[in-house]
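Colleague: Protein chains in written order, with numbering that gives the first Met the number 0: chain A, 0 to 482; chain B, 0 to 105; chain C, 0 to 169; chain D, 0 to 638; chain E, 0 to 496.
Hints were generated in silico from the structure; no laboratory data involved.
Misleading hints may appear alongside valid ones.
Straight-line C-alpha distance at most 30 Å; calculated DSSO-like pairs for lysine-lysine [stated by the list, open to error]:
#, chain 1, residue 1, chain 2, residue 2
1, D, Lys-535, D, Lys-461
2, C, Lys-27, D, Lys-613
3, C, Lys-89, D, Lys-464
4, D, Lys-542, D, Lys-464
5, A, Lys-157, D, Lys-613
6, C, Lys-92, B, Lys-102
7, C, Lys-87, B, Lys-93
8, B, Lys-93, C, Lys-120
9, C, Lys-92, D, Lys-461
10, E, Lys-370, D, Lys-167
11, B, Lys-104, C, Lys-27
12, B, Lys-102, C, Lys-27
13, A, Lys-356, E, Lys-157
14, E, Lys-24, A, Lys-367
15, A, Lys-31, C, Lys-27
16, D, Lys-167, D, Lys-570
17, D, Lys-607, B, Lys-102
18, B, Lys-104, A, Lys-356
19, E, Lys-110, A, Lys-454
20, D, Lys-607, E, Lys-459
21, D, Lys-25, E, Lys-450
22, E, Lys-157, D, Lys-578
23, A, Lys-448, A, Lys-157
24, D, Lys-542, C, Lys-89
25, D, Lys-29, E, Lys-459
26, B, Lys-96, C, Lys-168
27, E, Lys-110, A, Lys-448
28, B, Lys-96, C, Lys-27
29, A, Lys-356, D, Lys-613
30, A, Lys-107, B, Lys-93
31, D, Lys-167, E, Lys-459
32, B, Lys-104, C, Lys-92
33, E, Lys-110, A, Lys-356
34, D, Lys-613, C, Lys-89
35, C, Lys-168, B, Lys-102
36, E, Lys-24, A, Lys-438
37, C, Lys-92, B, Lys-96
38, A, Lys-107, A, Lys-31
39, C, Lys-87, D, Lys-607
Listed below are the residues making up each chain.
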Amino acid sequence: MSYSEFLGMGAELSLMAVIILLFIYDTFTSSKVGKYLPITAILLLGIQTLYLAFGNSLGLGGLNDDTSLFGGMYVSTNISNVAKIILNIGTILVFTQAASWVKEDDMKIRRGEYYVLTLITLLGMYFMMSAQNFLLFFIGLETASLPMTALVAIEKYKENSYEAAAKYLFFAVFSSALMLLGLSYIYGATGTLYYTGIASELTVTPLTIVAIVLFLAGMGFKLSLVPFHLWTADVYQGAPTVVTSYLSVISKGAAAYALMVALTTAFGSGSEVWFNVLYIVIALTITIGNLFAIRQQNIKRFLAFSSVSQAGYIMLGVMSYENGFGDASLLYYVLVYIFSNIAAFAVAGAIERASGKLNINDYDGLYKTNPKLSVAMMLAMFSLAGIPPFAGFFSKFFIFYSAIETGTIPMYVLVFIALLNTIISLYYYLLVVKAMFLKDNETPIATIKSDGYTKAVVFVTALGIILLGLVSCVYDYIYNAAI
Amino acid sequence: MDNNLTTMYIYLAISGIMFFAGVYGFIARRNMLAILISLELMLNAVDINFAVFNRYMHPTVLEGYFFTLFAIAIAAAETAIAIAIIINIYRNIKNIKSDSLDKMKN
Amino acid sequence: METIGSQVILYIIAAVMVIFSVMAVTTKHLLRSATYLLFVLFGTAALYFQLEYEFLGAVQVAVYAGGIVVLFVFSILLTQGLGQNKEKIKVRKLLLALSAAIIGAIVCGYSLLTHIFPNSKYDMGGEITMERVGEDLLGSGQYQYVLPFELISVLLLACIIGGIMIARKR
Amino acid sequence: MDYSYSILILALPLFMFLTLALGGNKMSQKFAGILGTAGLLTIAVLSYMVAFQYFGMDRVDGVRDAEIAYNFEWLSFTDKLTINLGILLDPISVMMLVVITTVSLMVHIYSMGYMHGERGFQRYYAFLSLFTFSMLGLVVATNIFQMYIFWELVGVSSYLLIGFYYTKPSAVSASKKAFIVTRFADLGFLIGILLLSFYTETFSFDQLTAEGGFFLTSTSGATFLGCSVASWAMALIFMGGAGKSAMFPLHIWLPDAMEGPTPVSALIHAATMVVAGVYLVARLFPVYLSVPEVLDLITWVGAITALYAAIVACVQSDIKRVLAFSTISQIAFMIVALGVCTSMVPSEGGLGYMASMFHLFTHAMFKALLFLGAGAVIHAVHSNEMSHMGGLRKYLPITHITFLIACLAIAGIPPFSGFFSKDEILAAAFNKSMFWGVWMTVVAAITAFYMFRLYFGIFWGKEAKHEHTPHESPATMTIPLIILAIVTCVAGFIPFGEFVTSNGEAYHIHLDMTVAVTSVVCAVVAIALATWLFAKPNPKPEKMQAALPNLHKWAYNRFYMDNVYQFITHKIIFACISKPIAWFDRHIIDGTMDMFATVTNSVAEKIKGFQSGKLQMYVWIYIVGAMILAVAAIYTFVK
Amino acid sequence: MSILSIFVIIPILMLGGLFLSRNMKQIRTVATIGSALQLIAAIVLVVLFCGERSAGNTAEMLFMVDHVWFQALNIHYAVGVDGVSVAMILLSAIIVFAGVFASWKIEPLPKEFFMWLILLSIGVYGFFISIDLFTMFMFYEVALIPMYLLIGIWGSGKKYYSAMKLTLMLMGGSALLLLGILGIYFHSATDGNLTMNILEIAKNDAIPHFWQNILFPLTFVGFGVLGAMFPFHTWSPDGHASAPTAVSMLHAGVLMKLGGYGCFRVAMYLMPYATQELSWIFLILTGISVFYGAYSACVQTDLKYINAYSSVSHCGLVLFALLMWNTTAMTGAIMQMLSHGLMTALFFALIGMIYGRTHTRDIREMGGLMKIMPFLSVCYVIAGLASLGLPGLSGFVAEMTIFVGSFDHTDTFRRVFTILACTSIVITAVYILRVVGKILYGPVQDQHHLKLTDAVWYEKFSTIVLIIAVAGIGIFPLWVSDLIRESIQVISERIIP
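For reference, chain A alone in the conformation it holds in the complex (with noise of 0.2 Å):
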């Protein structure tokens, strides 16, 4: 019983210390001081990536590349950890992004709760996609939907939230409960819960097909794969803006990667199954979500329906699994969704907050009393689509070059599917640029004066959607780490 393994998980040892100081600094400071929550959890956010990222190569211990501890239960490599940093990124942005949002009145008593909950889902994503048994993955599963459940009934007196947080739950132990099943079947089939064990015995059954299946059921569910997306748009609608934005861009981008690794390391002797039971999945992903997409007025919904369709794209990356730029393109399209969406949700967000319109039809003639706003919206709007030169058309790019590289002709046609799907998408993200910046409008939205958070938050996502594709060594810090 050797417990100095602990200090082997930098990443997860140095997170939880930012949620214990937090949740000191929270529950022993006064009002007075614990204005400064919002800035203290981004800097202290910031610094455990800086840790992250720079941390191996000051020698701070923690982060060895290709750490396997607790018996293979966890193991901790160099693309893992690149994508906790994405991952921490993209909390970083929320968190800027919930800094004016937690100084409302209503939400003043509850903020301290709100960066603990939401580091601690994160928390469970670290596990998630460090875990190499299905327990611990199981667990790093939960922690990141439970709590998850009572960020989204956040703001609980709020008409919509409590639905959203009841649909949520009930769907997030539905599903786990047909993923634990699943992997009951695993476990009886191959008699172990690591991934290497069952990668060495796993056959193709029924039973092992049934499972993986319902392993993916259970996935699918956090990525909102069709058919198990449907809670998305309600969910997203309800919870707060910045919970929602959170949802459907990390915990997203954590259910891809650990649903990567699960399936090329665990069930890499099935992979027969579960890839061609995704490839159905993906193709009805990515249509199904946009053809949802077309009709929404709420542009929260809207995003959800939109964010359904990109989890398919995502879901391309892993399709890829064989070659080195699956992960290295999944982890990528993460990041530039990442900023895409947050940009997106922080332009709604900010308006929504200012004048409580959701409304597509009330963006109408925006841009003539919000330029930049608009700008930043169209920006993220383009980069969804995949418009050069912004962010989105590289990732699209290279993750439709993964897909293709393996060569056969299925995946030619279903890239084909989804670049069809991209002139779909393409149209109602226009429809939102429409409203912007075509129509006329005799009472437009009033000019929005925004405070420091928000303007800092849709110029550090603008910034990277102009530049992460731009700018190659973005990419290439991922492959390497990939490799």
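Position chains B, C, D and E relative to chain A; hints supplied.
Modeller: For chains B, C, D and E alone, kept in the frame of chain A given last:
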């Protein structure tokens, strides 16, 4: 087929029936607490699976055993949160019917 | 290991569990549902005992039967007025639910039955001593679970925070 | 020999065009007119110099060598096929230079009076210069593609000049018609060029017409629809010529083209541009000789046109139209003359070539004179209709005399120039066969008839009422008339055969007395008939008209050729092709594209219901979806 | 840093300058100076290029620069030009320059307008200089998307619909393209050294025939959509009709050329086998385009629709000629691109100016404009004459080169289509003269029009620049054709077995 295996199937059958009874309840019941009860059935059924597989198939190490143990804890945590939310809903709208949760739709 | 007696007991437990789990989801009275659930949970504990997982059975009884069901009962009493505790199920919904359950059951049953399990190694496990449970739970090697144990403590903490935050008045 | 100054013949008019077009608005009308005329005078002088120099040159081996004064590469398609721009001087091109510059000079002078005070006077002179440039470029072309280029340019200048009165709808539609019809013909020309050049791998005239059957050897064997490629190519090229020269059935644009100012009609639609077709055939004559079936076709087209136009001319009342049909008919004479040739040697069946060129030359002069005279008449009475004229000889003495001279010339009365040239044509036709001889003699007679009908109708007959007394035109207009009349009188005595023959050898013109006498007798009879009918006001014409109502009606309506075209363009091309295509595009093609959008949208609308907001429904879909996937996977992967 | 990158850098600097501009004057200054610099750079490029060539530099592409961009994915920022790209760059520079003047008084949001316009031009230049498939594709899409806003904000008529349709259809094309490009890339070498560099792909010539037959249609149709190939042309009439003047100019003048350029640079150059195998299908389609566009134009009543269909016809001719894959026809195709670009830009500029005055584009409601606005009318006639192929203007040389080249095929199929294509020149004359006759000539239709004024200086400047270019090519075609031919030869020799 060896006897033990038959017994295992009995266990699996029980858990299976429990699980899908839970599924039935989840979809059919209107009361959120009833739905929660159904969920408990499902989780419980899965726990049985793990324990049974551990005992009958792979008894040398206790993986299923511990999975069950942790799953029970998670189920408890989940119930706590769920009940908190249900109570919150009750406080807001004075009922906990699942069909009242359809304010948000297309 | 298998004795006639234990077989008979198993069948009885099985019958009880099946009946009560079905009744738990079909009865119209919520309180009865909770009670039936309690029986099922006890039945599960009994199964664990049957499998010679005594510790597991004990935890089951303590956590589930002792904790969760009580929680259920309280919240049922809290949220249900006396007249409200009956509910009707629409036929359409019933059919939907049934179809889902039956399809699922058939798929899972088929897959379980067609899977060729190796011969049972029931006897190789031996008795689970508390020492072993303790060591495995807090050990850091393979098949030892200190990390999940620590993590789940965080999870429970988060759930407490979340639960309080939602349930408290402010 | 140095012909380097000949470049000025092309450069000057282009320069004039640019000057007048860009700076015209800044100039006074008078200055513009004088500038244009002076420029043209210079060009004319240069052309005469070229003619003197060229024809003064000694023959080599009995023929005049073609001189290529300039030839530079303009555009190269392949290694072999290059468009050169250059100046080719040979007997016919030099002859054409003289004709064009002379007539153009006359027209320039004449227009100063005729167009005096018109809005857009400067533009008019600019266009005239453009036309002169294009026409000169056409005749000196060294290769068929250069010819095509200038061919198009003359088409455009013609278009611009016909539409000079652009506020007049009839002028606009006439110009459009002229351009499109000739453009259609040019399509044939172009395809012909493509065919020809593909097989011969050259555009250049001297290679195409080189002796030794260069053309034939390279195309032998290739056939299409029963005719050799050579025949097709040459027939298509002739189609271009037929369009420009208003041969039946592509003639319909020319009568309408009379909407342009009358001097323009004189220059373009009588003397120069319309003979481009004849020139084209003459230019490629050695090649045509190698495809006799095409020559037959040419003869037939020419003969039919000649007869058709002559008949129609008999009943038209608009004097410019009569002249237009007369032009068509006369050009057809030249075409027939070329068509009846059977060899390169003038004395052995190659007479027609010389005759054709000769007639081209004389016709240019007297037809220009006729048009300019008609212009003077119109200038005086402000109308084109014969019914508004009559008895004008008193008021317009100079015009009257010169017009009469021209009429006699065209009727083929000696000693006027038309007699000599027409006589050669008839002789050539008789040489070919009796049939063609008789046919053309008849047409010649009809020519005399309608010309004198016209003459009497204008200058004799019943005097129409005039708002103010007609008066003779100013000197700028009469001087060209007089000059041209003089030329008409003497041109017949030019020993044309010395200069221009099919093979370049000198040929001494001698009259074939039988032919000459016959034709003169026929002409005189026809003139007498016209005199009897039209010299004095009398009811005889109406009676004749009543006697042959259908013929008159058909002839008057030009045998409904315009209606046929109208039908084809409006009812078939516009209504049956364009409109359906446009409809198809908007509704089927575009509709399909829109349909993708509509279908997507309506599918989105249809499936909206799945997002019902009901948690349990969601879960149902979730689990059933998962199970379906599982079943599908089991079905696929478990054998 | 090569001269080529200047074409991307100048517009980027312009974007910055526009961003900082405070008033109309500054905006105009930036736009004018920037576009003039581009034009100068383009001319300098032509001179340098010709200089290099005459100095005996026979490399396929000149001024090549290659920076590694995404190492792992073999994506480079690689630029280089041959004669064709040089010609296209010059074309773009001229049209952008004229376009700036044509939108001198654009309202509302002038700053944004110019910024989008310049962004569009970045895409165009970038596309023409790229020799890396990825950068090429990226610039291609950069050029497409500003169209949506440019039409949507500054357009007229049913602009939302048109803008959306245009964008979506073109994006549909680029979806096919992306698939094609990836396919090409992954078959670009047999030895595993995959490359995105067009020259290297061509050198390797490793794409299996089976894949060529799949990828060729993808890329060809992908680019063909932008080249207005039947039946994917319907964005063009609506799009052009709704677009503001400068945008129509740029779009018809330059953007549609991206399609043709891409067709031969990517589809045909890289997949010679499939070009031979499949060209007949596309010959039929493009042949239909030529014919169909011309006939449709005959009965339209909206000036811009007429021109749009005319563009369909002319651009159809470009693709048609490319598919004839011999040096002459392809040279003609490129010249037709130049010619069509210039004259359509001229057309759209004039239509915009006329529309700005009369507020109608319906030819039935106009007449006698020659009297009212002689300058514009004369220019319109010149544009018309160029369009119907008058010698001395650019249309003629291009069309003739095409026809002579196309006729070089002896098989009946191609012969017949060539002759059909030839007939389009007659139809062109019909619809051009119809418009000229209706709106410029004849009596004045609407008495209100009598008060209208003729062009002002910036409008005149814009049109004159274009007319000079049109006439320049028309009168001195040899240097253009020589410039293009050398580069085309390399490509056509790959295709011709």
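Colleague: Hints numbered earlier in the text: which of these fail when held up against the supplied structure?
Modeller: 3, 8, 9, 15, 20 and 24
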